[in-house]
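Asker: As a plain string of letters, each chain reads:
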Amino acid sequence: MVLELALPTTNTVVLARAAVDATLGVAGVAGISRGRYAIARTFGATGAVIEGVQITEVDAGLHVEVHIVVALVPIPPLAAAVRAAVVGAFYRLGAAVTSVDVWVDALYLTEGQEGGR
Amino acid sequence: MKVLNRVLSLLLLLALAAAALLTAGLASGVVTVSRVRQAWPYAPIEAIAHDLSKLGPDRTPPVVVVALVIAVITLALAVRELMPPPRRARTLLLPKGGQGMTEVAFGSLDELAEHSAESLPGIERVRARVNMAHRALRVRCKALVSPYADLATTGPALEQRVKEQLEHLTGVPVREVRVRATVQDERASRKVR
Chain A
1 MVLELALPTT NTVVLARAAV DATLGVAGVA GISRGRYAIA RTFGATGAVI EGVQITEVDA
61 GLHVEVHIVV ALVPIPPLAA AVRAAVVGAF YRLGAAVTSV DVWVDALYLT EGQEGGR
Chain B
1 MKVLNRVLSL LLLLALAAAA LLTAGLASGV VTVSRVRQAW PYAPIEAIAH DLSKLGPDRT
61 PPVVVVALVI AVITLALAVR ELMPPPRRAR TLLLPKGGQG MTEVAFGSLD ELAEHSAESL
121 PGIERVRARV NMAHRALRVR CKALVSPYAD LATTGPALEQ RVKEQLEHLT GVPVREVRVR
181 ATVQDERASR KVR
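Line order of the protein sequences matches chains A and B. Per our numbering, residue 1 is the first one in the first sequence, and the count goes up by one each step. Per our numbering, residue 1 is the first one in the second sequence, and the count goes up by one each step.
Hints listed in this document are in silico derivations from the structure and should not be mistaken for laboratory results. Computed from a predicted model, the values in this text were never measured in an experiment. Note that CB positions come from ideal geometry on N, CA and C, so glycine has one too. Incorrect hints may appear among the rest.
[Claimed, not checked] Here are some, though not all, of the chain A residues that point toward chain B, as calculated from beta-carbon distances under 8 Å:
id, residue
1, 51
2, 75
3, 106
4, 107
[To be verified] Estimated spans, in silico, between C-beta atoms of each pair:
id, chain 1, residue 1, chain 2, residue 2, range
5, B, 131, A, 59, 35 to 45 Å
6, A, 96, B, 88, 32 to 42 Å
7, A, 49, B, 88, 24 to 34 Å
8, B, 153, A, 41, 45 to 55 Å
9, B, 167, A, 27, 47 to 57 Å
[Stated by the list, open to error] Far from chain A, by Cβ distances over 10 Å, these chain B residues were calculated:
id, residue
10, 3
11, 12
12, 16
13, 78
14, 107
15, 132
16, 159
17, 170
18, 183
Excised from the complex, chain A in its bound form (with noise of 0.2 Å):
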């Protein structure tokens, strides 16, 4: 007997990758925090998580929220670009995102480092 199960027709978890792939390109970003008063997490159906990324289903697309770590970079700046990078890797997979909270939950205090993994 071969049981079905019924996965979702968006990976969560291949999308919040996704984001944390885009988030950690963006110059400035020194890393993804799970949550500085909550932890903040994506469940696949695989039992596969994904720490620092929520994503929530909403009326017209998907509502992402980032949790990260920058360097000292003007932070409005670079968030608008987490924002921008987040939402061109959901179009490249087909998802709609109607908006992006980027949380600043820490400051990488040493300067001059900033950037990628």
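Fit chain B to the known structure of chain A by using the hints.
Answerer: Structure of chain B alone, referenced to chain A:
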């Protein structure tokens, strides 16, 4: 000191409210002079109570109204004094720029203020607390300053550095940086830079 001030102001407000209510009671005839004498047998108080009970029909209403207004105001202030002070929000919500919010943990801004202040020569240790009020940031710092540092220049430099760093990172203006400096003991161990 803060607690003592609050207790003292609370006692003062309650005393004022009691005096106002007593005045209203005496003027309106609800409280009699003999009852005041029983409660507080003190000649000046008795004289005041006697005068208030004999105001006459034309002066009684305004005195009662004013006394009741004072009683209400002082009781409201006393209740306000008893309320806990408002807590700082956990995150600073930056002005909206696009689809979504940008939030920065106040704790990380505290750390930034401390880090930028401690990078100045002569500053040994700093504890900072960043707050948002009227669309601007306010910072309170407690700094431990080296005994060999010039306080006249170190204090303003610290204020300037913290202000610049916070404004640079958040884009939100810093209205005030309040620094309370303590000079370190000469024999205490110091940072090697």
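Asker: Each hint should be assessed against the structure and marked as holding or not.
Answerer: The hints, checked one at a time:
1. Residue-level restraint check for residue 51 (chain A) is violated (minimum Cβ-Cβ distance to chain B is 17 Å; threshold 8 Å).
2. Here the hint on residue 75 (chain A) is kept, as its CB sits about 6 Å from the closest CB of chain B, short of 8 Å.
3. Of the supplied interface hints, the one on residue 106 (chain A) holds, with its beta-carbon coming within about 5 Å of a beta-carbon of chain B, less than 8 Å.
4. With a cut of 8 Å, the hint placing residue 107 (chain A) at the interface with chain B holds, because the nearest CB-to-CB distance is about 5 Å.
5. Checked against the given bound of 35 to 45 Å, the beta carbons of residue 131 (chain B) and residue 59 (chain A), roughly 36 Å apart, stay inside it.
6. The hinted range of 32 to 42 Å is satisfied by residue 96 (chain A) and residue 88 (chain B), whose Cβ atoms lie roughly 36 Å apart.
7. Hint check: residue 49 (chain A) to residue 88 (chain B), Cβ distance near 31 Å, so the stated range 24 to 34 Å holds.
8. At about 49 Å, the beta-carbon gap between residue 153 (chain B) and residue 41 (chain A) stays in the expected band of 45 to 55 Å.
9. The supplied range of 47 to 57 Å is broken by residue 167 (chain B) and residue 27 (chain A), whose beta-carbon atoms lie about 21 Å from each other.
10. Separation of residue 3 (chain B) from chain A is adequate, the least Cβ-Cβ distance of about 29 Å exceeding the 10 Å criterion.
11. Non-interface call for residue 12 (chain B) relative to chain A: holds, since the shortest CB-CB distance, roughly 39 Å, exceeds 10 Å.
12. For residue 16 (chain B), the requirement that its beta carbon stay farther than 10 Å from each beta carbon of chain A is met, with the minimum near 42 Å.
13. No beta-carbon of chain A is positioned within 10 Å of the beta-carbon of residue 78 (chain B); the least distance is around 34 Å.
14. For residue 107 (chain B), the condition that its CB be more than 10 Å from all CB atoms of chain A is violated, with the nearest at approximately 7 Å.
15. Non-interface status of residue 132 (chain B) relative to chain A is upheld: no Cβ of that chain comes within 10 Å, the nearest being about 14 Å off.
16. The Cβ of residue 159 (chain B) lies farther than 10 Å from every Cβ of chain A, with a closest approach of about 19 Å, so its non-interface assignment holds.
17. For residue 170 (chain B), the shortest C-beta to C-beta distance to chain A comes to about 6 Å, within the 10 Å cut-off, and the non-interface label is violated.
18. Here residue 183 (chain B) stays apart from chain A, with its beta-carbon at least about 26 Å from theirs, past the 10 Å limit.
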